[in-house]
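Chains A and X supply the protein sequences, listed in that same order.
Under our numbering, the first residue of the first sequence is numbered 1, with each subsequent residue one higher.
Under our numbering, the first residue of the second sequence is numbered 1001, with each subsequent residue one higher.
Heads up, a few of these hints could be off.
[What the hints assert, rightly or not] The calculated lysine to any residue pairs, modelled on SDA-like cross-linking and capped at a C-alpha distance of 25 Å, are: (1) X/Lys1217 - A/Glu50; (2) X/Lys1194 - A/Glu182; (3) X/Lys1217 - A/Pro87; (4) X/Lys1217 - A/Asp150; (5) X/Lys1150 - A/Gly120; (6) X/Lys1367 - A/Glu32; (7) X/Lys1367 - A/Ser68; (8) X/Lys1150 - A/Cys154; (9) X/Lys1150 - A/Ile297; (10) X/Lys1194 - A/Pro155; (11) X/Lys1367 - A/Leu61; (12) X/Lys1194 - A/Asp150; (13) X/Lys1194 - A/Thr197; (14) X/Lys1150 - X/Ser1353; (15) X/Lys1217 - A/Leu61; (16) X/Lys1217 - A/Ala121; (17) X/Lys1217 - A/Val49; (18) X/Lys1217 - A/Pro155; (19) X/Lys1217 - A/Glu51; (20) X/Lys1217 - A/Ala86; (21) X/Lys1154 - A/Pro40; (22) X/Lys1155 - X/Arg1341; (23) X/Lys1217 - A/Thr88; (24) X/Lys1154 - A/Thr88; (25) X/Lys1150 - X/Ala1072; (26) X/Lys1367 - X/Ser1353; (27) X/Lys1217 - A/Arg128; (28) X/Lys1194 - A/Glu158; (29) X/Lys1367 - A/Arg48; (30) A/Lys334 - A/Asp294; (31) X/Lys1217 - X/Ser1261; (32) X/Lys1217 - A/Glu124; (33) X/Lys1155 - A/Arg48; (34) X/Lys1150 - A/Ser68; (35) X/Lys1150 - A/Thr88; (36) X/Lys1194 - A/Arg185.
These aren't lab readings, by the way, just hints derived from the structure by calculation.
Given the structure is predicted, the values throughout are model-derived calculations rather than measurements.
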Amino acid sequence: MTTTLHGKRSTSASGTNTAVVTHGTIALRNLEAQIEGLEPNSTPVLSRVEERVWLIDLLALRGSILSSIADYERALELAHLLVRDAPTEAAAFLARARTHAVFHRFRDALDDLDVAERLGADTESVDRERAAVFQGLGRYEEASAIREEDARRCPSFESLGALSTLCAELGDTERAERLHAESVRRYRGVSPLPLATLDFQLGVMWMHEGQLERARDHLGAACRYVPAYALAQGHFAEVEAELCHFDLAIALLIPLAATSDDPDYAAQLARICADAGYPDDARYWRERAAARYDELIAVHPEAFADHAAEFWLAAGSDPRKALPLARMNLEIRKTPRACSLLSRAIAADEAAGAWCVAQPQPSQSATSAANERNMQ
Amino acid sequence: MSDHFSGPRALADPAADLTDLYAFPAPHNPQRLVVVMDVFGKAGPGAVFSDAVIYRFRFRRARIAATGPGAAFGVDPDEVGFDITFDVPGGDGTTLQRGRCRVPGGETVSFSTNDDRGGTGRGVRVFAGQRSEPFFLDVHTILESAETRKLAFKKVGSDTLYGTNVLSIVLELEWAELLGGGPIFAIVCETLRKGPRPVRIERLGRPEIKNVSMSFKTFDQVNRDLEIRDLYNSEDAFALLPDYVSAYRARLNANLSFWDSLDGKTDWPLDEGGNHPLTRLLLADFLVIDASKPFQETSYFEIERAMLADRPHASPGGRWLNEDVMDSIFTLYINGGNGPRINDGIDAPIAWSSNVFPYLAPPNPPKGQGS
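Could you build all of it, start to finish, from the sequences and the hints given here?
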């Protein structure tokens, strides 16, 4: 049985949220309308720092919903311009720190946060941003100290949701669910975007735990909140593939892979097509993903090292390319997932090396093809 | 867009973010009263109303309860409300929405957005859709004035909202029939989250209370670190909870005194309790209109100024779309009308509103596409 993605009313996976929220289509359309309304004014002459920060955050938000790397890049570009134009404004550095973190430039993000604090940003705001960076870096104790204190001092939708997300990443599933429910209970807004984001995080948590039905519930809820939530749709498709619902997974992924500038969807599609016995399709999407990963690694190596390494280990079938990326990823962030990725990359690289030693030296493309067969 | 960005929570959904309220007698029909609620400042062309929000106008009969330094309104406990709601637009990328206005007595007036004719019912006409932003101001010089503690207005300012659009709801109604008497009414608009128990998201009455009058924290010695506006937004305009009134009062006293100081003299001496003479009237945060008076171009706060001066008012009060309300507010706050009119350097919006329904000018083309 499969879960329908596009229900009418927005309800969280746990069924605890009965709040009426704006239809996801309207929310996304209005997010775009906000960006369209602010973007032409994104200059120091026409716009206040507050509005420029807002535009940067809106672009990053749209990037996260639609998996639009172009939006993330535009946000970073605007953040650099804002810091240039307003070098004494703490808000400018806070905004740039957030966009640096999106691109996994955690060191730069922490530096910007230090500057923001020196420029007078209030410590609590800066610490909340630091917690997000620490989480990205795998410095969970520091992140946890800030999140716990924030939630204790001011138990709000935002603080409890952030703590739920941290618990999810740490694998504390029971607490993550409990905090999620409590966070949603406190939500007073009408935008579905924050609720969708929270459900997405829990969906990913259950995926990592191997609890696919629960993952599907949360990811399905996220998609019901915002039908165009690409990241949630992509993960939902992954879960369906894990449950051997290959055709549904492929149907969900094709429009994402065809339109997104994020190669993750093409990478997933390549893997699932291969698993489902569609080698020609798998090859097509693999080449498409490979080309895009190469482009992105050239410009944003920190941001895409982990996903590119995952790709080269799986559908990309080139462990030699995966290994340096996995190493780079672990240098950037000391998370359990980064360690696991490197271990797998080393193992795959050694296996590929052993296989190569035993064979006459073929051309590189032949090696890839052979690796692909081997992987399959 | 006098109330835009008026609190962190309101930013979460722009379609629930109130920017302005206007109220004026219909220019060609004194039997009718017009109220306008604007949301979604700087709206891009694709902006639409939320299907999860109730857009509400609330009317209460009001009277002048006291004049002179203790000027105050008396407001009836009973009220008349108009709730406007919207459907989800079609799936073809259109911004067209079906809307409904629930009129007291149970009638529902249906309409389509962006239809200049609006929808009509008994004694009521409703329009909703994207229009040119009628409000105009130079935010940069306001912020600079607060930062430097000197008036920073230029002879020719820069309109922060030039060429931008808002989502507007225009309600024109037979006031004597639908509002049950009058002729003085207190009016607020609200956005509420739908549900069995609707939750207020924002409320709005007078222009620039939450921003120009309340947002600056630096002058407030009582609650310097408090972001007061979300709290303020969640309150019932006609029944402030006693718990936080002193916080609002302290903020207004401090900020109004700051504005008063900018011309180097004190036009609004504080009373023995440290209260600014305008604080009480401004905390009655609703537009007050006398529907029996004929339409006037400039009338904001005229009723209140007459009350303070202990004389009869001469205008309908309320707020007309084309009024340079920032100049009116700055003149009121800075010299109390005891000096020349304060000019912030912006004297007009990109397009004037007309005096026929739906009053507000059509939306401006997106920037970069010419006009």
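These are the hints, each one checked on the structure:
1. X/Lys1217 - A/Glu50: Given that 25 Å is the threshold and the Cα spacing comes to 16 Å, the pair holds.
2. X/Lys1194 - A/Glu182: holds, 20 Å
3. X/Lys1217 - A/Pro87: holds, 22 Å
4. X/Lys1217 - A/Asp150: holds, 23 Å
5. X/Lys1150 - A/Gly120: Holds - the C-alpha atoms of A/Gly120 and X/Lys1150 are around 23 Å apart, at most 25 Å.
6. X/Lys1367 - A/Glu32: holds, 15 Å
7. X/Lys1367 - A/Ser68: Given that 25 Å is the threshold and the Cα spacing comes to 23 Å, the pair holds.
8. X/Lys1150 - A/Cys154: Given pair X/Lys1150, A/Cys154 is violated - Cα atoms ~37 Å apart, limit 25 Å.
9. X/Lys1150 - A/Ile297: Status violated; Cα separation ~51 Å.
10. X/Lys1194 - A/Pro155: Holds. X/Lys1194 to A/Pro155 sits at ~24 Å (cutoff 25 Å).
11. X/Lys1367 - A/Leu61: holds, 23 Å
12. X/Lys1194 - A/Asp150: violated, 30 Å
13. X/Lys1194 - A/Thr197: Holds - the C-alpha atoms of A/Thr197 and X/Lys1194 are around 22 Å apart, at most 25 Å.
14. X/Lys1150 - X/Ser1353: violated, 33 Å
15. X/Lys1217 - A/Leu61: violated, 29 Å
16. X/Lys1217 - A/Ala121: holds, 14 Å
17. X/Lys1217 - A/Val49: holds, 18 Å
18. X/Lys1217 - A/Pro155: holds, 24 Å
19. X/Lys1217 - A/Glu51: Given that 25 Å is the threshold and the Cα spacing comes to 19 Å, the pair holds.
20. X/Lys1217 - A/Ala86: holds, 21 Å
21. X/Lys1154 - A/Pro40: This hinted pair holds, its Cα atoms lying about 24 Å apart.
22. X/Lys1155 - X/Arg1341: holds, 13 Å
23. X/Lys1217 - A/Thr88: holds, 19 Å
24. X/Lys1154 - A/Thr88: holds, 24 Å
25. X/Lys1150 - X/Ala1072: violated, 31 Å
26. X/Lys1367 - X/Ser1353: holds, 20 Å
27. X/Lys1217 - A/Arg128: With a Cα-Cα distance of about 22 Å, the restraint between X/Lys1217 and A/Arg128 holds, given a limit of 25 Å.
28. X/Lys1194 - A/Glu158: Holds, at about 21 Å.
29. X/Lys1367 - A/Arg48: holds, 18 Å
30. A/Lys334 - A/Asp294: At roughly 24 Å apart (the allowed maximum being 25 Å), A/Asp294 and A/Lys334 satisfy the hint.
31. X/Lys1217 - X/Ser1261: holds, 16 Å
32. X/Lys1217 - A/Glu124: OK: X/Lys1217 and A/Glu124 at ~17 Å, within 25 Å.
33. X/Lys1155 - A/Arg48: Holds, at about 20 Å.
34. X/Lys1150 - A/Ser68: At roughly 45 Å apart (the allowed maximum being 25 Å), A/Ser68 and X/Lys1150 break the hint.
35. X/Lys1150 - A/Thr88: holds, 21 Å
36. X/Lys1194 - A/Arg185: Between X/Lys1194 and A/Arg185 the Cα gap is close to 16 Å, so the pair holds against 25 Å.
Checked against the numbered hints above, the structure violates hints 8, 9, 12, 14, 15, 25, 34; every other hint is satisfied.
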